[in-house]
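Visitor: Listed below, chain by chain, are the residues.
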Amino acid sequence: MRYSCMETVKLKKDQSKKKTGIKITGAEAIIHCLLAEGVDLIYGYPGGAIMPVYDELYKFQDKLTHILTRHEQGATHAAQGYARVTGKVGVAMATSGPGATNLVTGLADAQIDSTPIVCITGQVPRHLLGSDAFQETDIIGISTPVTKWNHQITKAAEIPEVMAKAFYIAKSGRPGPVLIDITKNAQFEEFEFSYEKCTGVRSYKPVPEPSVKAIEAAAELINSAKKPYVVWGQGVILGKAEEALKTLIEKAGIPAAWTIMGESAIPTDHPLNVGMVGMHGNYGPNVLTNECDLLIAIGMRFDDRVTGSLDTYAKQAKVIHFEIDPAEINKNVPVDIAVLGDAKTTLELIIPLINKNSHEDWRKEFDKKYEEEFAQVIEKDLHPTKPGLTMGEVIEEINLASGHEAVMVTDVGQHQMVACRYAKFKHSKSNITSGGLGTMGFALPAAIGAKMGAMDREVVAIIGDGGYQMTIQELGVIFQHNVPVKIVVLNNDHLGMVRQWQELFFESRYASTVMTNPDFVKIAEGYHIEAKRVTERKDLKATVQEMMASKNPYFLEVRVEKEDNVFPMIPSGASVSDIRLK
Amino acid sequence: MKKQRFTISVYSENNVGLLNRISGIFLKRHINVESLNVSKSEIENVSKFTIVVNTTEDWTRKIVAQIEKQIEVIKAFYHTDDETIFQESALFKIASHLLFDERQIQNIIKESNSQIVTVSRDFFVLAKTGRRHEIDEMHDQLEPFGIMQFVRSGRIAVTKSEMPITTILEDFYQDK
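Listed in order, the protein sequences are those of chains F and H.
Going left to right, the first sequence walks through residues 1 to 582 as my numbering numbers them.
Going left to right, the second sequence walks through residues 1001 to 1176 as my numbering numbers them.
Excised from the complex, chain H in its bound form (with noise of 0.2 Å):
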């Protein structure tokens, strides 16, 4: 089975240790995550995990099999690419007097549809969401003029199919 991206989604409960627990799963099976991203979710008291791994779809089914088979996960999935809505951010922290010297970081701003968050004497920082392929264009045209600091967020996700977190715990209430 050939390997792909699939991002997995994780509803939790908010616990000290549950991240412990599901990087636990990765570990064991010897799978790299290639981002992970925990926020809050739709839901209240509900956390989100945002996992993207390149495996094949047989590892990635098992996965969340035993991702949501954990005490206080309330629910995995996983979808294609093709399956979700899926940005990164990412921040350049650039040397201030490149912005005048380099007529050429201009246009990159402009054409990237980055936004410069903070200038300062000494540096300012731009702010890029966006695909993968296009914070990795930008950071190719930023690199030769020299970039200070770089980060890069994991993948935060929607799905175009419904998530049915809501049934699920509403269920759990009306059975009690």
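So that you can see chain F by itself, here it is in the shape it has in the complex (with noise of 0.2 Å):
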């Protein structure tokens, strides 16, 4: 394998010392800032106003990987699977103008989805700022509604101090993207250099202080309640709540559900995990929303993907919201709890003051709801007898191969709905999508940087034709590092899942969602990545199981089943109850 991303994180383990009293340049500082935050690997493009910071990676190229992807966008993608898995801050960098521009979607997608990339862009000199150089954009403008926070340095002895808060900040409270616009003469500019990390900005409190008196009222709900219900998101991962949101389900006896951003915090089988919430989430987690009385909701957000309309919304239950951000409470759904404070400090303080309890027959309901969605619907996808491939059964296959250990990254469309549905996890930090945004082509570049970042993993990249075509360029990065990602195109020639859109609610009139699609094993073998197709059934097992067991990159296109629905499904606006399973 040509890239090693192991080796070099041993090489990068004294950089975090402090320098003093010597003079380098703004673009050599700004390596010595990320060394000091403990950055091995950055993806990025370079350009001419970023040059200066290229040539030092150059010369630094022994403790820090530099990762050319071949769009901005993948290169914020892969800085986010990184970060994804590996709960650290991702680094992206690009040159002004059109560089910095491309950086946007994945911007957005990181601000939605709280996730830690710090992105660095080149700006033009700053006496030519404001004079439409070449290349000149207002990425700060551009990119505010987007960025936690976003900063210009336009003089070299700013880099220090505003680096290493763009750190803190990133990472600190509710994640987020922050970028920060350095203007070409800073980077060539000499200063001073030293370095201290940001412990702390005195207009930003990242995280509230847990009060007792919403903890113990909490809890008298909790030990109350005849029909608690948890949903939990991302938080309880970011917050790495793992571990105390199993021991409170367990010792209550609640049966939780997740959004997609917080699967795989607990494992699949675990007896007490029903499920996905949401619109084409499982029958039981989003009926039995509207029948719980006490709705414990953990580090999510109550996005309308999750709660349907909000007028029919558990509007029988009282509601505990655990969260880190304030401004979430009460945003969408109004609670009659605030738990503020992160997931895993309130939720281990609450622990000790929950009863035992097993909730029994309130399970069952979550077992019988099960068992309908099965008949309904789960048999068919698994195990379907038509001839066409369905995704379901290859989400299932790669379960099998995987042993429910891989890392699981899923585009945006039908495809990422079948994967979260059926894909299997034993470990957190499993399942990396595009939620909030929806951003289609998020994958391919989210498995090189996932892959990167657990290196001991399986990682397999779940992508739909459409998406995929999107960001494909990035299988030059998987080809020239040898990154042994798993691509698993589920390729049925439509934008499956607004063909299914115009189908149910537009009489089928496939406006624009009917493909015309290259043949993608050439493409692939175009990158000298091994590729097969699967147009058969009896195909499907043995070709995954091959992919799987290959030490290599790996291309699968399977053609499955062109006009497929993914079911259940909430149409848009209507209430959890209305699920329907056909």
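If you're looking for bench data, these hints aren't it; they were derived computationally from the structure.
One thing to keep in mind: the hints can contain errors.
Said to hold, decoys possible - Sample of chain H residues facing chain F (criterion: CB under 8 Å; computed from the structure):
| no. | residue |
| --- | --- |
| 1 | 1012 |
| 2 | 1062 |
| 3 | 1066 |
Stated by the list, open to error - Negatives, chain F to chain H, calculated, CB over 12 Å:
| no. | residue |
| --- | --- |
| 4 | 70 |
| 5 | 189 |
| 6 | 427 |
| 7 | 428 |
What the hints assert, rightly or not - Lysine to any residue pairs mimicking SDA-like chemistry, simulated, CA-CA at most 20 Å apart:
| no. | chain 1 | residue 1 | chain 2 | residue 2 |
| --- | --- | --- | --- | --- |
| 8 | H | 1062 | H | 1029 |
| 9 | H | 1002 | F | 334 |
| 10 | F | 315 | H | 1058 |
| 11 | F | 369 | F | 581 |
| 12 | F | 205 | H | 1165 |
| 13 | F | 331 | H | 1058 |
| 14 | F | 205 | H | 1170 |
| 15 | F | 165 | H | 1173 |
| 16 | H | 1062 | F | 144 |
| 17 | F | 165 | H | 1015 |
| 18 | F | 197 | H | 1172 |
| 19 | F | 165 | H | 1013 |
Note that beta-carbon positions come from the ideal geometry of N, C-alpha and C, so glycine has one too.
Using the hints, put the two standalone chains together into the complex.
Guide: This is the structure we're talking about:
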């Protein structure tokens, strides 16, 4: 393997020491800042306004690996994939102008899905700011709504403090993307470098103090509830609260469901893990939201794809919201008790106050609903009898071949919903997807980042034929660095999810959703990636096994049924109770 | 929920770009800002935004939460008109001859408690500080005589209740 992330990790350990009194350029200072923050891997694309930094990257390549993505958007998604799988800050770099604007989708994705990334952009020299210089764009203005924080550096001396702040802000509290724009003159200027990590910003309180009163009140509600129900989100993973959540639900015997961003925090086969909520989630978790007497939301934000119509969402239930971000409280769903703080701290505080319970009758309701869903949907998806291949059976074969150990990276659309529904996980941080923004093209670059962040794990990207072609150029990275990701394209020659909506809600007028696709196997082979195509069921198992056993990158196209629909489904704007099984 | 006027007070660091970030919060929700004033505050190196909106309390609360979430915002509050002492300022530029030709103008100046800021051969300038309706009233009275230029400031307001910014900042430095 040409790229080895693991080796470079060892090399950077002693770099966090403070350097004082040495005059270096701003460009070199940026490298020292990155090393001091423990960064050993960045994704990016060079260009005029960032060239001094790339020149330093060349000198420091033994300590800091730079991966040239084939488009700046790929760099942001790769940084996201890396961040999501490691819990560390992902870093992407680009030049000014188009390089910077190409980061916007990744920033927006990271913002809505709370992913810690730091993006560094070059900018025209200070004296040219505002002159419409070549490749000048106001990236601070453009990126403001899609960043947790952004800042423009115009003097080299500002670099250490701003970079330290960038990393602190990206990863603390509710994480998010930060963009630092650095004018070219600041990259050339020399100054005395010293670095101190940021430990606080006076106007920013990353984690609110948990209130003992709120925790006691929440405990009382949980202890007196007859039909308590937990819905957890990514906050559990970001807050490293997986064990605490498991302890809580086991002690109180509470069935617990997840949003797609929270998936894998608790193993799929845990008896209290009742499945997925939301538009294409499981039947029981959706319907029973409107039958529980206490809804305990943990680290989730009541997205409209989760709640359906708010007017009919859990109106019968008391609601407790464990949440790190005060702005999320009462934003979409009014709550009875808000427990502010990071999930691990607050859950650990409440566990001793919770009475043991089992809620067996209530849990049986979920089993019953699952049986109904199994008979009407799941069985047909996983063990179809019709000739055409289903997306579900492909996911199931991957489950069998991976032993539930793999990281699954999904794109956006039907395959994403099917993968989230049927993928089985043993470990947290295993489901990497674009949840809030729904960014087609996310999966391929994100899988590269995920693999480089977890070289010891299998990483399988599940992608539709539409999204695949949005960032297909990143096959170049997989080839150049021999990144051993497994790429599965579920090809139905359609933009499947939009086609499904057209079928159900627009009288089958398939406006611009039919795709004439190229030979994906040949394209992968063009990048010297081993590639296979499966068109018949009889070849599926062996090919998936071959793919999973491969030590190299592997591309698998599965020709699935062209006009399958994903069910269950809550039609847009309908109630969770009105979820359709067909 | 009914719409009403709220005054949002934002204490923040004095940084380039924060105005854009805050105005973006209104833009994203398609909420029109009635007036916006940025100035220094009672605390050194802390800026204060005074923003007036006409919307529901629910929206105002959500907006304030989003504003407060911004890294460089120390704290944000919202208040009703009853909870604040507020004023606006206006300047009227009027042709000088009217001061002598139209006796009524002198009465308006006296009754409105406005000041003459400057007088030149061609024009004079009146300054008026007060509530919006007082300024509007004065504008309506002067309009028939001809106003050469008119400008009104955004609302500035102080609240009857305390806004404990100093405590927040002290707590931060104590924790460090």
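Visitor: A separate judgement is required for each hint: does it hold in the structure or not?
Guide: Hints, verified against the model:
no.: 1; hint: 1012; result: holds, 7 Å
no.: 2; hint: 1062; result: holds, 6 Å
no.: 3; hint: 1066; result: holds, 5 Å
no.: 4; hint: 70; result: holds, 31 Å
no.: 5; hint: 189; result: holds, 19 Å
no.: 6; hint: 427; result: holds, 31 Å
no.: 7; hint: 428; result: holds, 26 Å
no.: 8; hint: 1062(H) x 1029(H); result: holds, 10 Å
no.: 9; hint: 1002(H) x 334(F); result: holds, 18 Å
no.: 10; hint: 315(F) x 1058(H); result: holds, 19 Å
no.: 11; hint: 369(F) x 581(F); result: holds, 11 Å
no.: 12; hint: 205(F) x 1165(H); result: holds, 13 Å
no.: 13; hint: 331(F) x 1058(H); result: holds, 9 Å
no.: 14; hint: 205(F) x 1170(H); result: holds, 13 Å
no.: 15; hint: 165(F) x 1173(H); result: holds, 17 Å
no.: 16; hint: 1062(H) x 144(F); result: holds, 19 Å
no.: 17; hint: 165(F) x 1015(H); result: holds, 14 Å
no.: 18; hint: 197(F) x 1172(H); result: holds, 17 Å
no.: 19; hint: 165(F) x 1013(H); result: holds, 15 Å
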